[in-house]
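Colleague: Protein chains in written order, with our numbering: chain A, 2 to 175; chain B, 109 to 375.
Hints listed in this document are in silico derivations from the structure and should not be mistaken for laboratory results.
Keeping only pairs whose Cα atoms sit at most 27 Å apart, straight-line, the calculated BS3-like set for lysine-lysine is:
| # | chain 1 | residue 1 | chain 2 | residue 2 |
| --- | --- | --- | --- | --- |
| 1 | B | K216 | A | K151 |
| 2 | B | K347 | B | K232 |
| 3 | B | K355 | A | K15 |
| 4 | B | K232 | B | K216 |
| 5 | B | K205 | B | K192 |
So you can see what is in the structure, the chains are spelled out below.
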Amino acid sequence: MRIDIKLTGRLYNKIVRDLARPHPFATERVGFVFGRVGLLADEGALILLSRYQVIPDDQYVNDPSVGARIGSEALTWAMQSLYFGRATREGIFHIHMHQHKGETRMSRIDSRDIPKFMPGFQSVSSEAAHGIIILSLNHGSGWVWLPSRKEPIPTNTMSVIGAPVGIFEWRIKR
Amino acid sequence: MSTDRFSRQSFLGENSEDLISRCTIGVVGLGGGGSHIIQQLAHIGFQRYIIYDDDVVEESNLNRLVGARTVDVSAMTQKLHIAKMMIYGLQPNANVKGFACKWQENPKPLRECQIVFGCVDSYKGREELEIACRRYLMHYIDIGMDVHGKERPVIGGQVILSSPGELCMRCMGFLTDENLAAEAGLYGNAGSRPQVIWPNGVLASTAVGLAVEIVTGWTRHSLSHAYMVYDGNQATISKSITLRNLKTVTCPHFLDTDVGDPILVGL
Chain A
2 MRIDIKLTGR
12 LYNKIVRDLA
22 RPHPFATERV
32 GFVFGRVGLL
42 ADEGALILLS
52 RYQVIPDDQY
62 VNDPSVGARI
72 GSEALTWAMQ
82 SLYFGRATRE
92 GIFHIHMHQH
102 KGETRMSRID
112 SRDIPKFMPG
122 FQSVSSEAAH
132 GIIILSLNHG
142 SGWVWLPSRK
152 EPIPTNTMSV
162 IGAPVGIFEW
172 RIKR
Chain B
109 MSTDRFSRQS
119 FLGENSEDLI
129 SRCTIGVVGL
139 GGGGSHIIQQ
149 LAHIGFQRYI
159 IYDDDVVEES
169 NLNRLVGART
179 VDVSAMTQKL
189 HIAKMMIYGL
199 QPNANVKGFA
209 CKWQENPKPL
219 RECQIVFGCV
229 DSYKGREELE
239 IACRRYLMHY
249 IDIGMDVHGK
259 ERPVIGGQVI
269 LSSPGELCMR
279 CMGFLTDENL
289 AAEAGLYGNA
299 GSRPQVIWPN
309 GVLASTAVGL
319 AVEIVTGWTR
329 HSLSHAYMVY
339 DGNQATISKS
349 ITLRNLKTVT
359 CPHFLDTDVG
369 DPILVGL
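Pulled out of the complex, with its shape left as it was, chain A reads as follows (with noise of 0.2 Å):
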């Protein structure tokens, strides 16, 4: 099943100027950024991603073992935007980015930890996809757990629709 994200330049330049900042403790920053499915042909799937909420520093737990991790209050803002943008079926997907240049993967710890969420994610808004985004320094790639389904199908493609137009696409295999 294809499936490919898109967001508009400015909302990129915003995500990715946010995560590059230095945090007090954490060596890395995450997000959330909220998106809403469009449907491709043949079964196909778009998320089109619209808006980015910035987690405050303060919000971080230190845990020296992991490049970040976020507290209850940033989990419970998450799941509270959720439950009031579920009307119109807008998902969320945790994002962060990997201080590469090229395709990125999961590493360990991200797919220990970061697909623990969608569960949750899925029972306040149950008809709305989420999932999970990184970026590099100049490509990027996201799973995406659509509704019911219990494990996540990894993008295509993701465009930045901006001047100039960026477009990542996965060419190894995943």
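Starting from the structure of chain A, add chain B where the hints point.
Modeller: Chain B in isolation, oriented as in the chain A frame:
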């Protein structure tokens, strides 16, 4: 796969060939304007196309439809077929998804695109395409020409870039309730409009130039929107006066959150 084929356009950037080949382009309307655009896109090296036209070649098209031949009139060749032949003749490995229908009858394939060219005749048609492009996050590049007056004909036209999150065609003063209403008032009585090949060529070339800039960023000018006006009598194309005097910097007509398939929300 860089070859000598693109050596004369290497100034577009080291990765331009790759960027161009990965971009999916939509072209709605494959007549006088669309056929020019298709030809140029294929020469430049675009490989992925989603194209729509439900019409066949008629005799009155032969004065401007690039790629059409006299025999296509009697054969009632689809304009879609002419466009495909043009693309495959230049890019044999291109991925072309063509639809001999109105885009509204099969809208899902169009949503894959990063850039859509609108080569349609009406304000209403432009408005509908722009709404779809905002909803599914695609750059929209509109071209159109018209000839006004009979005693002293005046050729005019426009090229507009409307990008998600940036100024739209209403912000730029091109689409108004008045011109939409006036067009609706002419419904069924518009008659056939004068059309000639050279203004279409100027407008299509300008529009393709915008697309290449969006894809490659070769001029290093950040391009958020554009509205260029063509004066066919003076042979000039220049930035619209409306746009030059525009005070608006944020589009009030499309919200960033109005994306994806529309959902009916109970009140």
